[in-house]
Every structure is written in structure tokens, then in C-alpha cells.
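Residues per chain are reported as follows:
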Amino acid sequence: MTAIDAQATPDPHGDAHGHDDHHDHPEHLAHHWDNLEQQFNANKLGMWLFLSTEVLLFGGMFCAWAILHAWYPDAFKGASAYYLSWEIGAANTVVLLFSSFTVAWSVRNAQLNQQGLLKLNLLLSILCGVFFLVVKIGWEYIPKIQKGELPGGSFTYYNGGDAYDPIFLSIYWVATAIHGFHVLVGVGVLAWLLWRANKEHFGPKYYTPIEVGGLYWHLVDLIWIFLFPLLYLV
Amino acid sequence: MSSTAASPTAAHAHGDHEGHHVTSMRMLVTVFLVLIGLTILTVYTAKFVDLGYWGNFILAMTIASSKALLVCAFFMHLLHDNKFNSVILFYCILTLGTFILFTAIDLESRAAIDLRRDGSIEPPSMVTDAKAAYEEKKKAEGGAAPGGDHGDDDQ
Numbered sequence: 001m002t003a004i005d006a007q008a009t010p011d012p013h014g015d016a017h018g019h020d021d022h023h024d025h026p027e028h029l030a031h032h033w034d035n036l037e038q039q040f041n042a043n044k045l046g047m048w049l050f051l052s053t054e055v056l057l058f059g060g061m062f063c064a065w066a067i068l069h070a071w072y073p074d075a076f077k078g079a080s081a082y083y084l085s086w087e088i089g090a091a092n093t094v095v096l097l098f099s100s101f102t103v104a105w106s107v108r109n110a111q112l113n114q115q116g117l118l119k120l121n122l123l124l125s126i127l128c129g130v131f132f133l134v135v136k137i138g139w140e141y142i143p144k145i146q147k148g149e150l151p152g153g154s155f156t157y158y159n160g161g162d163a164y165d166p167i168f169l170s171i172y173w174v175a176t177a178i179h180g181f182h183v184l185v186g187v188g189v190l191a192w193l194l195w196r197a198n199k200e201h202f203g204p205k206y207y208t209p210i211e212v213g214g215l216y217w218h219l220v221d222l223i224w225i226f227l228f229p230l231l232y233l234v
Numbered sequence: 235m236s237s238t239a240a241s242p243t244a245a246h247a248h249g250d251h252e253g254h255h256v257t258s259m260r261m262l263v264t265v266f267l268v269l270i271g272l273t274i275l276t277v278y279t280a281k282f283v284d285l286g287y288w289g290n291f292i293l294a295m296t297i298a299s300s301k302a303l304l305v306c307a308f309f310m311h312l313l314h315d316n317k318f319n320s321v322i323l324f325y326c327i328l329t330l331g332t333f334i335l336f337t338a339i340d341l342e343s344r345a346a347i348d349l350r351r352d353g354s355i356e357p358p359s360m361v362t363d364a365k366a367a368y369e370e371k372k373k374a375e376g377g378a379a380p381g382g383d384h385g386d387d388d389q
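Line by line, the protein sequences are chains L and C. Heads up: the first sequence begins at 1 in the numbering used here, then just goes up one per residue. Heads up: the second sequence begins at 235 in the numbering used here, then just goes up one per residue.
Take these hints with a grain of salt, some might be off.
Stated by the list, open to error - The calculated EDC-like cross-link candidates involving lysine to aspartate or glutamate, where the alpha carbons are at most 16 Å apart (straight line), are:
#1 L:199 <-> L:87
#2 L:44 <-> C:315
#3 C:281 <-> L:87
#4 L:77 <-> C:284
#5 L:205 <-> L:87
#6 L:119 <-> L:200
#7 L:136 <-> L:87
These are calculated hints, taken from the structure and not from any lab test.
Just chain L, with the same shape it has in the complex (with noise of 0.2 Å):
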């Protein structure tokens, strides 16, 4: 429909691609595109195609954990117990629900123009995701490094467990380390945008950001939805 009408009247850009004037055109439509529905339509189909790609990346981690659990049950229970405080898995699989709640939020701010509450839902989910980040390292790397609980070869911490429990560490390591960094990006993503929300870019007629940036922040919380229980509760 739109090519025939794009066929149909004559391109006011003439035929150099240099143009000054853009009030033909919304300003964030990309020239490749026919409209800003499709436009938005595309990003967020990308955005899904890269999730695909890191859940596959997690996905590694996630069958090496499912061998590694049925090889050795009873190393990963008695080193989970051990080793890993839940309670400290719970506070922050519930900071990240948070912070899923208002990046959800945060979009339909935009959608509504809602300047304030968009610029508060995003600050408060960037503060969520370095919680986590923080108590992650204070609490749980740094005691762990100390101590000598860690992954594999390096791990000099035995204390009369299971002659299998440098495996776990080894999953619980890998796995949240690198989730650890998905957070950390995240927090970037969520701060450029914030900062971004901040020189009022977004409004009901272009959002796309803060859509894509947040679907990259709710994949950050579905992984550690499954490392809380395969992790702390095993």
C-alpha cells in the first residue's frame, strides 16, 4: 500500500539524499522505512531475534547445570545449602520483579506522556539493577573470594563436603557472573535512556527506545528467574 503511494507522488528529497527540510517526515523515521509503524514494528522484531540469541548463551549454562545436577545431585544440594545464602537470592530475585514492574511502567509512561513518572520508573530501575549489583559483589562475590570458594581449579575452600562441590561453584560462578554482566549493561542501557527521557525524547509518538531497552532488561530478569531456584533452592 504505502510503496504504491510512495510511487504515486513525487519524492520531495529529489534525487540527492541531502535534505534540510524534515517536515515531510517525523523526525525518527529512518529513510529505509515506509512509516513509523513499521519502523517500530522492526526494532522491536530485532530486539526479539537478539533475545533469541541470549537466552541460546544462558542456554549453555543451563545444560551444563541440568548434566552436571543429574550427574551430581547430592554435591549440588549440599553445596547450594552451603555455600549460597537464599535468602539473599530472594531479596534480589525480588528487587529485579521490581524493576521488571517499572520499566512495564515506564513504557506505558511514554505511551501517555507521562515526562515525570518516565523519568522516575527509569531511575528506579536503574537504583534496582545496581542493588542487585551491589549486593551481588558485597555480599556474595567478595565473602566467596575470600574465602576460597571458587570456581574449579581455583577453588581452595574444602570443608568435609562433597568431593564434587568446585562443580557447583563452578555453574553458580559462570552463571551468575555472566548474568551479572547482562545487569550491568542493563543498568547502562536503562541510564542512556533515562538520560535521553530526560531531554524529553520520548512521547506517544516515539518510544521505540524505551520499548526495546526494556525488553532487554525484562530478559535479564526472566534468566535470573531461573537462576534463583536452580541456583539457591536446589
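On the provided structure of chain L, position chain C as indicated by the hints.
Structure of chain C alone, referenced to chain L:
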């Protein structure tokens, strides 16, 4: 959803997405509270409900999948979105399942090298070294266990 105006110079010709579905506050808050509830449930069942080893695992995965479904459908808008995005997610999960399934089939059918069943292959040396150091320390302290034996923990 997309505009069908004929002239590109019309106000909405390039399409605006004000027609997109806006999630209601009630829906967002309800989904969030349900997620919290499911989190409490999963912790409770892990600590206080015993359905056997695999029973607990399946229950935990069911609860986690329900939470994931809620996040995908409502927070990520899949329910009110272009159906193709859901198709992408579905095939991604399918691929992941294939990945894990085939790995498991392969590994479970290898009788040659198996640390569990054979028993003649020792754990990695760093574990035996750490264990030896622990035993030494235990002897040096006259039999008192320094860290406590958590191998017998009853969960």
C-alpha cells in the same frame, strides 16, 4: 494499526503508533503481585514441601516457567503484540530444548567414561589436594572438625 492514508503529506500518513495497546495500571500491578506471590511459593515449596528429588525440581521449574510466561505476556507485551514475536520466542525455546535434550541423550549413552558408575576415575587433583589438606588439618587439631561437616545436612 498502520495508517492507510493515500497522500504522504497528510498528517498521519507516515503512521503513528498511538493505536498501540497501553497496558493498564491494574494489569501491571496485578502481574507484579502475582510474580511476588509465585516467588514466595517457590521458596516455600523448596524449603518445606518434599515431593522427592525430581518432584521438587519439576515443581520449581513449573513455577519459574509460569513467572516467565507472565513476564513475557504482560511486561514484554507479547500478548498484545505482533504474533511473529511470540513465534520467535517459541522457536527459541524449542531450540534450547533440542540443545539440552540431544546433549543429555549423548552423555547418558556413553558407558565408557562415567565418573559416577565406574568409580575408578578419581575426582580432579585440586579437590583431592584440598581434601588431603583438610584431613591433615583435622588430625592436627585432634579430631575437631574446623568447618563442620555439611555433607550430612538434611534439607
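These are the hints, each one checked on the structure:
1. L:199 <-> L:87: The given pair, whose Cα atoms are some 39 Å apart, is violated under the 16 Å limit.
2. L:44 <-> C:315: holds, 10 Å
3. C:281 <-> L:87: holds, 12 Å
4. L:77 <-> C:284: Holds, at roughly 14 Å.
5. L:205 <-> L:87: With Cα atoms ~43 Å apart, residue 205 of chain L and residue 87 of chain L exceed 16 Å; violated.
6. L:119 <-> L:200: holds, 10 Å
7. L:136 <-> L:87: holds, 12 Å
Of the numbered hints listed earlier, those contradicted by the structure are 1 and 5.
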